[in-house]
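Participant: Could you slot chain B onto chain A? The hints should help.
2 protein chains.
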Amino acid sequence: MDVSRPERLSASEAARAVASGALSAEQLVEACLARIREVEPSVQAWQYLDEQHALAQARARDSDRAEGRPTGPLHGVPVGIKDIIDTTDMPTEDGTVLHAGRRPVRDAAVVAQLRAAGAVILGKTVTTECATYAPGKTRNPHDPARTPGGSSSGSAAAVAAGMVPLAIGTQSNASIVRPASFCGVHGFKPTHGLISRHGILKLSRSLDSVGVFARSLDDIALLTEQLTGFDENDPDTQPRARLPLQATLSAEPPLTPRVALVKSPIWERADASTREAFEELADVLGVQCEEYPLPDNVAQAWDWHRTIMEAEMAMNLDAEYEKGRERLSESLRGQLARGREISALDYQRALARVPRLIEAFDELFAHFDAIVTPATRGTAPPLESTGDPAFGTLWTLTGMPALSLPLMHGPDGLPLGVQLVGRRHDDARLLRTARWLQAQVAASA
Amino acid sequence: MDVSRPERLSASEAARAVASGALSAEQLVEACLARIREVEPSVQAWQYLDEQHALAQARARDSDRAEGRPTGPLHGVPVGIKDIIDTTDMPTEDGTVLHAGRRPVRDAAVVAQLRAAGAVILGKTVTTECATYAPGKTRNPHDPARTPGGSSSGSAAAVAAGMVPLAIGTQSNASIVRPASFCGVHGFKPTHGLISRHGILKLSRSLDSVGVFARSLDDIALLTEQLTGFDENDPDTQPRARLPLQATLSAEPPLTPRVALVKSPIWERADASTREAFEELADVLGVQCEEYPLPDNVAQAWDWHRTIMEAEMAMNLDAEYEKGRERLSESLRGQLARGREISALDYQRALARVPRLIEAFDELFAHFDAIVTPATRGTAPPLESTGDPAFGTLWTLTGMPALSLPLMHGPDGLPLGVQLVGRRHDDARLLRTARWLQAQVAASA
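Residue numbers (our numbering), protein chains in the order written: chain A, 19 to 463; chain B, 19 to 463.
I should point out that these hints are in silico values taken from the structure, not numbers from a laboratory. Beta carbons are placed, not taken as given, at the ideal position from N, Cα and C, and that holds for glycine. Hints may be right or wrong, so weigh each one.
So these bits of chain A aren't anywhere near chain B, every CB distance computed over 10 Å [to be verified]:
no., residue
1, P59
2, R77
3, A259
4, P271
5, I284
6, S291
7, Q306
8, R374
9, P400
10, H427
Using C-beta positions, here's what the derived DEER-type ranges look like [to be verified]:
no., chain 1, residue 1, chain 2, residue 2, range
11, B, E340, A, R276, 41 to 47 Å
12, B, A384, A, R34, 48 to 54 Å
13, B, A337, A, R276, 35 to 41 Å
14, A, A457, B, E359, 54 to 60 Å
15, A, R26, B, R374, 45 to 51 Å
16, B, P257, A, K341, 40 to 46 Å
17, B, R374, A, A134, 25 to 31 Å
Isolated chain A (complex conformation):
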């Protein structure tokens, strides 16, 4: 491990270097800040960043170690936090002028967990407006004329640009897998309810999920493992035993994994080059990969998702609509206006479809370890939009764990993610299958 360029270390490497004393937290954070000074003018990933405050946290972690106080698994490691996630020591503005200058009085549950794990809360990363579609200022680190994707735009871009090894995002449609695909990093949305959403801007209880960005699977497992657990303040978390993500990831699969290529009803929306790339991937995997057709009625899932998301957003952003709709973007105002027109009957009907939709995947998961499917139509489009979320919708609606792996490139040379989707609560196996998939692709290159 080369600690001369700390900002290039993975989080796992950095944590080990800080724990062993080979590197101080201050050196690590200072290296990340130097990288930020270098690339932030073009990428613009940060909504709020106070260098002195970040360094003060790092020095406090160094003195923990020096004075023999307890240290955590992320001791001294900097993490970027999407700016819809509450922090007591930094503003949280939710990507809207309506919340400008907002200073939360409590940390979100995930922020408290990160602090307990010893992490340095480096700063707040740019979100789209209220974590929906209107873009923020962030640009794709691979091409400043392209979108980083959204809504977790700054988190994905900051990790991709080497500014920070880890970042937290959220997803209610495709807000983690899409920016991960466009920015060429690992993005993981665990099973719905695995990570508490307490203290995070609420859009849709049924859909909102917390997830993570990193530059390796090890880092994904390390970070996610610090965040899972029951929280009585989030009614969708459950008192379950902690998932052994790191242990499972580092073990060999007991049987060679088998994956299902799921084209899904929106396959034709993918670019021709994306479709070809997935056919080639299936060829590379050979007998371990089989195309799996979904039942026809799955095509309605995109409508059910929109009904649930817009109805719940109308409720959760009711005050913003009532008091400040003229300062919202046209797209968000339109979503909220549509949401207010949805009947309680249609809303409940859509909700009632979800358990049956989940059951429809039981047979697939009896035969396959995971689903392989595109994360996005193709590579990042121009800056005006954050890209089409449709390839994330089905897996968010069903609450299945979904991971975007930076395994492909488009004809334009930009990154393109492979989405791997697992059975609900089978997050550990999903990560292990991802490691196997990465190895297969690497071996074929």
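Facilitator: For chain B alone, kept in the frame of chain A given last:
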């Protein structure tokens, strides 16, 4: 204990007599059937009752005992089941011609629990139409020109008339406490989610609760304790330790209980004689009872309840409305039509009020063991309606445990219940406080 009139025994006495061999289950059930033959023509509590099938169950329980097979806490004790609760061996018709002849393929969770406890499923008791407002055929055992109350009409009347010591009912507004008050029996609606609703006609997930009728607090505790527990098929049950209802009920309160007289915003809807009776009760309890004013905004709770109930009924009875609305009563058709017009926004707004409403009672329960409040306006009105549910609404909306105790009579000599309401999940203390209250009233008589 006099086993010469087994139908007059409490369930606890009957269970002990069967366990000791002083009485056979067959004798007990035959005595209940004889009482039914006598009074059913005027009361009409039963929707379905097959004497031979009931006796066959009783003989099977007797041979369990004779042959040394395991016996349960309700071994040989007959129980009446509201006819919206599924039974594999009897029809379940939900009080509507639309479900006439319906034969479930599975027992409801509570029925399975009763069978596991050794109970004899005596028969199905009359419900109002779909457990809502349109009356069934049942009459009040104390006056056949009066309603028994609803929607658990047959369950309350059967217990009151001495046909069966125990019966199961459900409540989404006041469907247990109202008939218990009118029929002069103990009726208990435990904390929302304490008893699984799997296999029971669903009206409103947020409000539907299962409860019990009996002629004593001991019997209420004995029966309820067989029914509680986590069921993965009911998303509102929780994996919690079982409540020690019987043990707590038989213990002395560590401190003399204090109860809050809550007049609630609908106090003026109670009959003048009811209001006087509660003022007298407060006098009898002296310093152990204090009037407690609720915050003003509680008055909106009745609107929130109606919004939630009608919106969720519209969803759950969607097929009935779509395919057979002309065969529904005008009142139910009206409820469903209104429910279909409710917006998802108003529905979610009403749901979001409930946690704050529950918190508004925290201070009360910091100072008092329970709330004392009317169960009904007054005694049973004439047969045309099942009476005003308003005195049950607030406690159903908040999911608090509520108990109607047969402690009063109206000026017409008919029974009138005292409703005792406890903190959520504090069901055991509520029963213990009820025993204390009964003793106070008895001592003052």
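Participant: Hint by hint, note whether the structure agrees.
Facilitator: Against the structure, the hints:
1. P59: holds (43 Å)
2. R77: Consistent with the label, R77 of chain A stays out of reach of chain B, its closest Cβ about 41 Å off (over 10 Å).
3. A259: holds (13 Å)
4. P271: holds (29 Å)
5. I284: Its Cβ never comes within 10 Å of chain B, the nearest being 25 Å, so this holds.
6. S291: holds (40 Å)
7. Q306: holds (33 Å)
8. R374: holds (14 Å)
9. P400: holds (35 Å)
10. H427: Consistent with the label, H427 of chain A stays out of reach of chain B, its closest Cβ about 42 Å off (over 10 Å).
11. B:E340 - A:R276: 41 to 47 Å: holds (43 Å)
12. B:A384 - A:R34: 48 to 54 Å: holds (50 Å)
13. B:A337 - A:R276: 35 to 41 Å: Since A337 of chain B and R276 of chain A have Cβ atoms about 40 Å apart, the given range 35 to 41 Å holds.
14. A:A457 - B:E359: 54 to 60 Å: At roughly 57 Å between Cβ atoms, E359 of chain B and A457 of chain A fall inside 54 to 60 Å, so the hint holds.
15. A:R26 - B:R374: 45 to 51 Å: Holds - the Cβ-Cβ distance for R26 of chain A and R374 of chain B, about 50 Å, lies within 45 to 51 Å.
16. B:P257 - A:K341: 40 to 46 Å: holds (41 Å)
17. B:R374 - A:A134: 25 to 31 Å: holds (29 Å)
Violation of the numbered hints given earlier is absent; every hint is satisfied by the structure.
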